[in-house]
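Asker: Residues per chain, in single letters:
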Amino acid sequence: MKKKVIVACGGAVATSTIAANKVVELCKKNGIDVEICQVRINEIESNLPGTSLIVTTSKVKRDYGVPLITGMPFISGVGVEKTEAAILKVLKED
Amino acid sequence: MGFLNACAFVITYIIDMGASVMLPIIIAILSICIGVKPGKAIRAGLMIGVGFVGMGLIVDMMNANMGPAAQAMAERLGVSLSIVEVGWPGMSGITWGSVVATIAIPLAIVVNLIMFATKLTRTINIDIWNVWHIAFTGAIAYAVTGKLWIGLLGVVFHSAITYKLGDLWAPLLSDYFGMDGLTAPHGASAYMAPVACAVDALIDKIPGLNKINISVERLQERIGVLGEPVVIGAILGTIIGFLAGYDPQGALPLGIKMAGVMVLMPRMIKCIMDGLLPISERAKEIMHSRFSEGENFHIGLDPALLLGDSEVVTAGILFIPITLIIAILMPGNRILPFGDLATIGFFIAIAVAVHKGNLFRTLISGSCIMIMTIWITNQTVPWTTALAVSVGALEEGGTLAAMDQGGCPLTYIFTQIFTQENIPGLIVIAAIYAVCMAFAVRHSKARAAEIAAEEAEA
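Chains as they are written, first to last, in our numbering: chain B, 1 to 94; chain E, 1 to 458.
If you are wondering where the hints come from, they were derived from the structure by calculation, not from laboratory data. Backbone N, C-alpha and C fix where the C-beta goes; we use that ideal spot for every residue, glycine too. Some hints could be false.
Claimed, not checked - Keeping only pairs whose Cα atoms sit at most 30 Å apart, straight-line, the calculated BS3-like set for lysine-lysine is: (1) B:Lys82 with B:Lys61; (2) E:Lys445 with E:Lys205; (3) B:Lys82 with E:Lys37; (4) E:Lys284 with E:Lys445; (5) E:Lys284 with B:Lys61; (6) B:Lys89 with B:Lys2; (7) B:Lys92 with B:Lys61; (8) B:Lys4 with E:Lys40; (9) E:Lys40 with B:Lys3; (10) E:Lys211 with E:Lys356; (11) B:Lys29 with B:Lys4; (12) E:Lys211 with B:Lys61; (13) E:Lys40 with B:Lys29; (14) E:Lys205 with E:Lys40; (15) B:Lys59 with E:Lys37; (16) E:Lys284 with B:Lys29; (17) E:Lys40 with E:Lys284; (18) E:Lys445 with B:Lys61; (19) E:Lys356 with B:Lys61; (20) B:Lys59 with E:Lys445; (21) B:Lys28 with B:Lys3; (22) B:Lys61 with B:Lys4; (23) E:Lys40 with B:Lys82; (24) B:Lys28 with B:Lys89; (25) B:Lys2 with B:Lys61; (26) E:Lys284 with B:Lys59; (27) B:Lys59 with E:Lys356.
Stated by the list, open to error - Derived coverage of chain E by chain B (criterion: at least 3 residues anywhere in the stretch with Cβ under 8 Å from a Cβ of chain B; other residues may be distant): (28) 104–113; (29) 144–158; (30) 251–261; (31) 269–280; (32) 430–442.
Let's have the full structure, built from the sequences with the hints guiding it.
Answerer: Structure representation (structure tokens):
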């Protein structure tokens, strides 16, 4: 089944494109079928239905009731492996 | 000679076809040069062309529909707001269309490496997308003066200050946003935050005011979809339609079209980012290879990272109406804020950190920031228009404005030095900005000292 992943940042242009690209590559490598929904942070709520995971490039404290992982390492290049492992764990579980 | 002439002919021929052809070629060649496979490189180039075409469509639609409505509204109400601003999505796309922007990528990296090697900065910028802010100063100066060397000097000028701003804000990113080792040197939040530092110091001196601390939590959850770009666009478009004297049959379609602009513009601009991705990733690798772990440096990243903070989100929502009110009240203002409204947080994100999340102070300094922004944006309309026309994003006779970057004091000061159209304006804005910068340096040092003291305790 296709997993829906919301990738969000401030403007839905720059950092979320980088993060979305990384998530797609990661899932392809691990045989997970994903659908990416790239939005601005303030559009997350409206796109929630059916979402398995939210990846944001900024720190979001709000609880959406869906696992949320900070994708900042994809942007800074520091700690990428840990983030990738965390994303795979969520997507492989449910 | 024959060969050189032929080369010159080919280059002019390509340039004459406009940015949507020239850019894909340049980006594809540049991508291949840095080691991207030809197939991927060509796709990257084409995506940039697509982004450029898409942006042109949206800007045209916006000007064709919103333009006359804004003018009709201005005439009926006796206000002067007749130029609908396109915001950073439109402005960034147009800037990437300038030949200066492509040169700006390597140039900004070289300036960064030189400044880092000579210890003039501790910031290592790995954010290639936001080089458009740096390129903007060069592109504007080039479009206005017609001299390429002034454009390139503008890139050097703006990039040098950008890295210094990165140094200034690093302590604030660490203690307020909790992002150790990172900084956000780019865009309106970085270059306008010095204003917040001056306001913060002033409020500290005023008895009574210096005790006020407001914090509004969960405003976003309460207002729900009202804060979403699609809804903001629809409401604003419809209201302006009615104010322009349209009947519902005219006003409602305008609302839907403006909702479309808000939603579609970033989607189009995202194509440009897609095309820049190979170059951006490679540049990141180059920068990473230049410094070793443990060395004292800050990684320069996109200010978009700050827009998730709940206080920034709250202030961002409040500043939608505040910005519109400022635009209406400011005497002689012609700018109708629109394209930047949904992401107005970009202007005040670092200001929020300057005030440590105190909303009361953010409201005051943010208002100062928006006043200064709109003031400068009014003066740069001929420049942003000239740039948009020169890259083919706007037809001759149209006007184009953007608060994000059109209202940048750095661009204004630099370009004004060469055009000397408004010397009093130059002196006043340069003086205000210099004073704010002095406060910014003081503020940054104080915050760095606080962090050092805390670490010493622990």
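Asker: Could you tell me which of the hints above the structure violates, numbers in ascending order?
Answerer: Hints 14, 15, 28, 29, 30, 32 are the ones this structure does not satisfy, whereas the remaining hints hold.
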